[in-house]
Structure formats: structure tokens, C-alpha cells
Amino acid sequence: MAGEVEYTSLDDGVLIERSKEGDQSAFGVLVGRYRDRVYGQIYKMLQHQEDVLDLSQDVWVKAWTRLYQFQGDSPFTTWITRIAINVCYDHLRKKQRRPVEESIDELTEKNGEGEWTPKVDADPLKGIADSEKTEVLLEAMENLSKEQKLALEYMYFEQMEYKEIAERMNCSTGTVMSRLFYGKKNLSKQLEIVLEKHGIDPKNGL
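Numbering (our numbering), first residue to last: 1 to 206.
Rather than coming from a laboratory, the hints here were simulated on the basis of the structure.
Computed from a predicted model, the values in this text were never measured in an experiment.
We treat Cβ as the ideally placed atom computed from N, Cα and C, and that holds for glycine.
Among the hints, erroneous ones may be present.
[Claimed, not checked] DSSO-like, lysine-lysine: derived pairs with alpha carbons at most 27 Å apart: (1) Lys44 <-> Lys62; (2) Lys149 <-> Lys62; (3) Lys163 <-> Lys146; (4) Lys62 <-> Lys146.
[What the hints assert, rightly or not] Cβ-Cβ distance ranges computed for the label pairs, FRET-style: (5) Glu147 <-> Asp23: 34 to 40 Å; (6) Asn143 <-> Gly32: 36 to 42 Å; (7) Lys163 <-> Glu21: 31 to 37 Å; (8) Gln49 <-> Glu142: 37 to 43 Å; (9) Ile193 <-> Asp54: 27 to 33 Å; (10) Tyr68 <-> Glu147: 22 to 28 Å.
Can you make the complete structure from the sequences, with help from the hints?
Shown next as C-alpha cells:
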């Protein structure tokens, strides 16, 4: 009992260092602290409980084997969330693609000039109820620049504010806003490409 209390009272930094030395009990405390966060992140992206359970385990296995790479430049929560997001990307890449039955209307809207643009007043994942729709969005995001993709992921997957994103990306708030603006604009173009690849007319839907 005393040992358990000792571990649970330690901060993440100490637990991480002990885990790097092979202390599985210390790592177990980290898992306990952030299990729900990892589960929630994966469920948000995939919307499929069975996949979430399996992939959550994959995330923690990867975290254990790659812990030596963690340098403490960002919080452990950010690092483990990034692993979860990448695990979701890998999972979706490996899945056999099925026809997507959703219209681009759910992800985009026409502006005053008749151009299709991302819905900027709501999370683009809002209304995505299954992994097929999520797959389309994530596939489109993979074709963005690294900076745009990362900024969008921070905003939509981690619900960060502009200031937080700026601190994480080591840039000004204005730069973040620019990356998000052009990222959303490019995302609209990529969504059209991906939807057409799945046999959907991006302007008319099914």
C-alpha cells in the first residue's frame, strides 16, 4: 500500500524517468492517469467502440516502447495524444476503403461567391457519426502542409485556443490564424479530391 501511495503521489516527470529505467509500476500510474484521455481522443476520431479498445492498447504499447524519445519539450499529455492521433491515422490507412455515403454538404458550405469552403463556425468533425466519414476528413488532412495540418489538429482534436496553439508551435497568434485560414481553405480542395475518389460528386452529393 505504501508503495502505491508513493507512486501515485509522484508527478509525471518523475514517473517518466522511472519508466524509462524500466519501472513498469511507474508507467502503470501514467496509464491510469491518462487512459480516459487516450480513449476519448480515439473515440472522437473513429466513433467505433471496438476499435477504440484495441487501439487504446496499441497507443500504450507504443508509448512504452518509445518512451526514450520523450524529451519533455511538451507535456506528457500532448505527447500521448499525438501518439493516439497517429495510431488512428495508421488504422484508417490500413482499413479497406468502402464507398462513402455522405455528401460534402456535411463538411463544407458555399460562400457568397459560390465556392465550396470548410464550415468555419463549427468543428468540421461535428456531425461525423462513423469511421467512414472521419476517414474522408483525415485522408484529406494528410495532404495539407505539416504546419496547416498540425494547427488544425490542435484546434479540432485537442480543442486548443489560438494562444495555446501559438505556444505549442512556437509562433505568433497571427501566424496560427493564417495557418488555420489557409489550412481550412486547402482542406476544402482536398475534400473534393478525396470525395471524388470515393465516387461522390463534391458539389451535388450522391
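### Query
Taking 27 Å as the top limit, are the C-alpha atoms of Lys163 and Lys146 close enough?
Satisfied, since the Cα-Cα distance of roughly 19 Å is no more than 27 Å.
### Message
For a C-alpha distance cap of 27 Å, please report whether Lys62 and Lys146 respect it.
### Response
Roughly 22 Å separates the two Cα atoms, so the pair holds.
### Query
Is the gap between the beta carbons of Gln49 and Glu142 within 37 to 43 Å?
With a Cβ separation near 25 Å, Gln49 and Glu142 fall outside 37 to 43 Å, so the hint is violated.
### Message
Holds or violated: the 31 to 37 Å window for the beta-carbon distance between Lys163 and Glu21?
### Response
For Lys163 and Glu21 the Cβ distance comes to about 36 Å; the hint holds.
### Cβ distance range 27 to 33 Å for Ile193 and Asp54, holds or violated
30 Å, holds
### Query
Do Glu147 and Asp23 keep their Cβ atoms within the hinted range of 34 to 40 Å?
37 Å, holds
### Query
Are the Cα atoms of Lys44 and Lys62 separated by 27 Å or less?
Holds, at roughly 20 Å.
### Message
Just to be sure I understand the hint, the distance between the Cβ atoms of Tyr68 and Glu147 should be within 22 to 28 Å; is that true here?
### Response
Once the Cβ atoms are compared, 27 Å apart, the range 22 to 28 Å for Glu147 and Tyr68 holds.
### Message
Check the hint pairing Lys149 with Lys62 against an upper bound of 27 Å on the C-alpha distance.
### Response
With a Cα-Cα distance of about 22 Å, the restraint between Lys149 and Lys62 holds, given a limit of 27 Å.
### Query
When you take the CB atoms of Asn143 and Gly32, is the distance between them in 36 to 42 Å?
37 Å, holds
In summary, the structure is inconsistent with hint 8 from the numbered list given earlier, while agreeing with all the others.
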